Amino acid sequence: MKRKKPKGLDFIVDKLTNSIENTSTGEVFDTEIVKFTIKDIAQIKKSGWVFDWTKELNDKSKKVYKLTTTNNPTIIQGLLSIEDKQDHIFMHLIESAKFNKGKNKIYFGVPGNLVAFACKISVDKGYEGFVAFDAKTDLIKHYEHSLGATHFRGLRMFIQTNAAIKLISQYFKS
Amino acid sequence: MGLIKEPKDVDFTVKSEPWTEEELADFRKLMKEIKSKKNKLRLSLTKSKRKKDLV
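Going down the list, the protein sequences come from chains A and B.
Residue numbers are given in our numbering: position 116 of the first sequence equals residue 116, and the series is strictly consecutive.
Residue numbers are given in our numbering: position 53 of the second sequence equals residue 53, and the series is strictly consecutive.
In case anyone wonders, no lab produced these hints; they're calculated from the structure.
Just so you know, these numbers come straight off a predicted model, no measurement behind them.
Do not rely on the hints blindly, as some may be mistaken.
[Claimed, not checked] Quick list of simulated restraints, FRET-style, between CB atoms:
#1 A:Lys45 to B:Lys40: 50 to 58 Å
#2 A:Thr37 to B:Ser36: 18 to 26 Å
#3 A:Pro73 to B:Ala25: 22 to 30 Å
#4 B:Glu33 to A:Thr137: 19 to 27 Å
#5 A:Gly148 to B:Pro18: 23 to 31 Å
#6 A:Thr37 to B:Lys32: 16 to 24 Å
#7 A:Glu144 to B:Asp9: 31 to 39 Å
#8 A:Asn72 to B:Ser36: 39 to 47 Å
#9 A:Thr37 to B:Glu17: 24 to 32 Å
#10 B:Thr46 to A:Thr37: 41 to 49 Å
#11 B:Lys8 to A:Lys39: 33 to 41 Å
#12 A:His145 to B:Pro18: 21 to 29 Å
#13 A:Thr25 to B:Glu23: 30 to 38 Å
#14 A:His142 to B:Lys29: 22 to 30 Å
[Stated by the list, open to error] Straight line, CA to CA, 27 Å or less: simulated BS3-like cross-link-like pairs of lysine-lysine:
#15 B:Lys15 to A:Lys46
#16 A:Lys62 to B:Lys32
#17 A:Lys46 to A:Lys62
#18 A:Lys35 to A:Lys55
#19 A:Lys141 to B:Lys37
#20 A:Lys98 to A:Lys141
#21 B:Lys32 to A:Lys63
#22 A:Lys103 to A:Lys85
#23 B:Lys15 to A:Lys39
#24 B:Lys15 to A:Lys60
#25 A:Lys103 to B:Lys8
#26 A:Lys103 to A:Lys141
#27 A:Lys46 to A:Lys141
#28 B:Lys8 to A:Lys46
#29 A:Lys85 to B:Lys37
#30 A:Lys85 to B:Lys40
#31 B:Lys35 to A:Lys62
#32 B:Lys8 to A:Lys141
#33 B:Lys38 to A:Lys141
#34 B:Lys32 to A:Lys141
#35 A:Lys136 to B:Lys15
[What the hints assert, rightly or not] Every beta carbon over 10 Å from chain A, so not counted as near; a handful from chain B, in silico:
#36 Ser16
#37 Lys40
#38 Thr46
Glycine included, each C-beta is placed from N, C-alpha and C at the ideal position.
Let the hints inform the model, and build the full structure from the sequences given.
Following this line, the structure appears as structure tokens:
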């Protein structure tokens with residue numbers, strides 16, 4: 001199938017500044033989202049992650065990004081795998097680091113931050129913020145409320161322009 | 001504006017399965033409808049603003 005040329009501006013997003021919040025102190029830390037490449041694979045231990053991120057990195061149709069704090073770029077807080085569908089962004093995987101999961105998670109805002117980043121890419125590519133993904137059944141309502149996502153059918157969900165702009169403005173300072 | 005704080009006992013994880021061609025086609029149709037509605041609204045707001053400016 002012939003691929004359509006992306007509408008609007010098309011530039012490489014290599015770094016964006018945003019933040020996450022320490023769950024116990026409330027302290028906010030500036031973060032960066034940068035491309036996660038095969039060279040960075042040593043930064044993650046397989047046992048610390050549920051999904052197979054090496055597989056994601058080897059899939060040429062996908063791009064993987066890592067979220068770190070600006071002060072400590074070697075500790076990965078969360079990972080995101082996305083695909084450019086030419087008229088929207090498809091989120092394949094989002095996973096927070098082991099220490100950002102469960103009742104004792106260290107930081108709030110890791111997944112929201114990564115979703116906002118996917119929305120930002122969608123806007124930058126001229127897709128008006130549209131991002132599609134699947135949700136677990138018990139999280140559909142949560143995503144509707146917290147992200148402003150729209151339930152499409154079954155487990156399928158998407159984020160449309162207004163919700164995307166809201167997320168971007170919540171997370172990205174510029 | 002503050003950050004979106006997921007509840008402590010909720011882990012926001014996404015693991016999407018590939019969408020079928022039919023699902024993608026339906027989604028693209030819906031996107032088109034949403035975008036067209038948005039553009040119509042924008043157009044009508046511009047028209048009413050222009051009318052106001054003329055008065």
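So, against the hints stated earlier in the document, which numbers end up violated here?
When the structure is compared with the hints, numbers 2, 3, 6, 7, 13, 22, 27, 36 turn out to be violated.
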